[in-house]
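Enquirer: Chain A is already provided as a structure; the job is to place chain B on it using the hints.
Chain by chain, the residues:
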Amino acid sequence: MALDAGWAERWVRRTADAVADAKDELTELDRQIGDGDHGENLHRGFQAVVARLDDAAAERGGDEADDERTVGDVLKLVATTLMSTVGGASGPLYGTAYLRASKVSGRAQIDPPAVVAVLEAALEGVSSRGKATVGEKTMVDAWQAAVDAAEAAAGDGGSEVDVLRAAAEAADTAATGTIPLVATKGRASYLGERSAGHEDPGARSTALVLGAAMAAALSGPTSGPTSGPTSGPADPRSAA
Amino acid sequence: MTARVALLLVSHSADLARGAAELAGQMAPDVLVRGVGGGPDGGLGTSLDAVQKELGEILATLAEGPVAAGEADGGVVVLGDLGSSVLTVEAALELDDELAEHVVLARAPFVEGAVAAAVTAHGGADLTAVLASANASAAMYQEPDEQGAAPSDAAAPGDESATSRTVTVRNPLGLHARPAALVSRKVAELGAAVTIDGVDASSVLQLMALGATQGRELRVEATGERAAEAVTTVVEMIDGGFGEV
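Protein chains in written order, with the working numbering: chain A, 2 to 241; chain B, 35 to 279.
There could be a bad hint or two in this list.
From the structure, some residues in chain A lie toward chain B, with a derived Cβ separation under 7 Å [to be verified]:
1. Gly88
2. Gly96
3. Thr97
With a cut-off of at most 30 Å between alpha-carbon atoms, the simulated DSSO-like pairs for lysine-lysine come out as follows [unchecked claim]:
4. Lys104/A <-> Lys87/B
5. Lys132/A <-> Lys104/A
6. Lys87/B <-> Lys132/A
7. Lys104/A <-> Lys77/A
8. Lys24/A <-> Lys186/A
9. Lys132/A <-> Lys77/A
10. Lys87/B <-> Lys77/A
11. Lys77/A <-> Lys24/A
12. Lys104/A <-> Lys186/A
None of these hints come from the bench; they were simulated from the model. Virtual Cβ for every residue (Gly too), placed ideally from N, Cα, C.
One chain only, chain B, in its complex shape:
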């Protein structure tokens, strides 16, 4: 099954684009993630022709898969790294109105935005949600008090519907990229507001930023109708060690 939103990662460097696409793709196997980079002469730079070709191929693939299956609001979220890659994508969209209807350019850190967008897209999110997820990834570098309403408000102590449990990280590498992606995808699927140690558990980047290594005790909290089920599910995932113990 292919998710309805695909990603195109545009870099000055072909190697960087390929590497970022590999990283994001590994964390979201159902999402079509492509990378393109390098100038028309093969050196560092960006090629309009190559960007247009990739976008055309991705849209054709989506048209055969999710769109043919009746899924609407899909498309391509593009991330660029610096200067000319961003400008080239904007130029491609200005040249082709049809492209601009299905393709949006994120304003996000290249790697973090790609990972966040890929994981969100994996859950079947629409174009707007995947774009928002990429754009929100810049916030992981802000001080906690700059991040706006803390997600833990949703599960504040005293909230009648809040449920919480603690669980200990068992796998040696802890909540690294792959487990964080598994948890955040599951949380998005459950549709409950879940936090782990106060951070939004549907955000793969926030989970990774916890730096939760083996032996750390985590507090899993959730609110909403399916809170109890969500907490149990997440606790079992973490306790299960993600197939790494």
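Next up, chain A with everything else stripped away, as it sits in the complex:
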């Protein structure tokens, strides 16, 4: 099963749910070593993304056969919405990740090598925008681990789900692995040695994002949470 725009949308909606559930945890992590706004900012951003996806679904009138979007179209919408609504550094960082990812996924469906390319583009976006490399206790640690694992899984002939599972698990492990590190990039670096002993909130949220990507691939197209209006052809915009 190749991954399409429907998968991308499920991915984003699941991310929004995961971030909503983990909002307080992320904020607490960020309060310990940053400025304490990561959970709230990311939550606001993904809720705005969901609202825009809802509007787009309503415009299609609930007929998913009319969904002519590419994977990249969905990711581009995520990018611009996050950049406009998040406010903190995670807005432009995640925004750039999704933007670069959208540029390599302008197709109706993506196969395992293309999934790896999407993750690589996202990593490249985060690391170039944040000027960070591995080991500096940032979200780059989780993205890099995810890309390495995804490449290995795709190289072994794994399916889309295999690739995303490998990425998600590696990101989760890498996020936990940021705990003993001393931050040398980002707001946490102002704390120096005192940043050790705390998990990096950006690496944790990256693990959530990639966990949602795997779950969305597993859930399949039929159980899509979105379906838009189910009754009648009434113009959905009139209800707004």
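Expert: Only chain B this time, still in chain A's reference frame:
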């Protein structure tokens, strides 16, 4: 008259952006200096939409003024304060290629860079020169021997074309921000290499860093074809007390 290079100061804080723009703008009245800050929810942070809107408005203003008047090589120099403001500006430039052609992001201390860039832009400098002026402002925190070739080399004793005179600061507040801006703008306009007590007189920040208060004697030196005229002009400005005596 509007200078061909404008400034946008992007901060986490709307108040900080506004204050820095006021400060830089006061020292360079011909330069369009705008500040933008605060997140989408109005708290601390940076709003991409607000940054894009400001850049659009500034470019529209430049297009009506200096660009319409035939001035090339203009544009906008942007300064950001921390993290997300810098990242947001970079993201805005990545999203819009057209914007990236006319907008450059400085790597400079927020307030010092804004003041230096504004004063340089006031003299009609192009985008590259204003950007360089902002970026050079970080050097004011370095020890003198780290600053590279000392500008006083240009007017070293024994140089045939060098001219020098001394003058005493007369106004009570000395060479503070406004007088320093007046002197550095005039020096840039004269096009001569002028130093005051060994520092580059076209740099408003270096002049302010002299901390020259009332009663201090300053040595004004210049080289080049118009050296004598430049020295006389600067000495008269300082001796005139900048309208403050």
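Enquirer: If a hint holds in the structure, say so; if it does not, say that too.
Expert: For each hint, the structure was consulted:
no.: 1; hint: Gly88; result: 3 Å, holds
no.: 2; hint: Gly96; result: 6 Å, holds
no.: 3; hint: Thr97; result: 6 Å, holds
no.: 4; hint: Lys104/A <-> Lys87/B; result: 25 Å, holds
no.: 5; hint: Lys132/A <-> Lys104/A; result: 20 Å, holds
no.: 6; hint: Lys87/B <-> Lys132/A; result: 26 Å, holds
no.: 7; hint: Lys104/A <-> Lys77/A; result: 8 Å, holds
no.: 8; hint: Lys24/A <-> Lys186/A; result: 23 Å, holds
no.: 9; hint: Lys132/A <-> Lys77/A; result: 22 Å, holds
no.: 10; hint: Lys87/B <-> Lys77/A; result: 20 Å, holds
no.: 11; hint: Lys77/A <-> Lys24/A; result: 24 Å, holds
no.: 12; hint: Lys104/A <-> Lys186/A; result: 27 Å, holds
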